Amino acid sequence: MLVPSDEWGTLQEKLEFSSTFDEYVSVDVEALTCHLSTIEGLYKSTEPSEQESEDYDKEEDTEVKVTNSQAYEFLDILRNFVASQSNVPEHVIQSIFHLDYLLLMQATKRQTTINDFFRK
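Using my numbering, you'd call the opening residue of the sequence shown number 21 and step up by one each time.
Since the hints were made in silico from the structure, they are not lab data.
Owing to the predicted nature of the structure, the values given are computational and were not obtained by experimental measurement.
Some hints here could point you the wrong way.
Here are the computed distance ranges between Cβ atoms for each label pair [as the list claims (entries may be wrong)]: (1) Glu83 - Gly61: 31 to 41 angstroms; (2) Thr66 - Thr30: 49 to 59 angstroms; (3) Gln32 - Leu52: 44 to 54 angstroms; (4) Asp26 - Ser46: 13 to 23 angstroms; (5) Phe138 - Ser106: 51 to 61 angstroms; (6) Gly61 - Leu35: 54 to 64 angstroms.
Backbone N, C-alpha and C define an ideal beta-carbon position, used for all residues, glycine too.
All chains should be modelled from the sequences, with the hints used to inform the complete structure.
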């Protein structure tokens, strides 16, 4: 920023100081404009608080369990979507059939009892 020397001279006389314009402009170059953080301070500021940690733990515990029938409904929606598309790779269609088979096997499974063991 250039200031005509006669204007700067007039300002120096009125304000009664003898600094050059460059000295005046650069007087606060080294002044801190924000707080200096240490590595430790930065680390602590990113650590979750106890409340945040508890909230995160609660979120993990509330994982939604999908039932077999819900999974089959989702697969049916996916199957309809894939059927409406063109140029679907064969491996995608095969994957849907594999998932369908897996869900069918899960649906026909039942827990055996001790009596079932002795009937054999």
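Evaluation of the provided hints:
The beta-carbon spacing between Glu83 and Gly61, approximately 35 angstroms, falls within the hinted interval of 31 to 41 angstroms. Range check, Thr66 to Thr30: Cβ separation about 53 angstroms, and the 49 to 59 angstroms hint holds. In this structure, Gln32 and Leu52 break the distance hint of 44 to 54 angstroms, their C-beta atoms being roughly 28 angstroms apart. Between Asp26 and Ser46, the C-beta spacing of about 22 angstroms keeps the proposed range 13 to 23 angstroms intact.
A hinted range of 51 to 61 angstroms for the beta carbons of Phe138 and Ser106 is consistent with their spacing of about 56 angstroms. With their beta carbons about 40 angstroms apart, Gly61 and Leu35 fall outside the hinted range of 54 to 64 angstroms.
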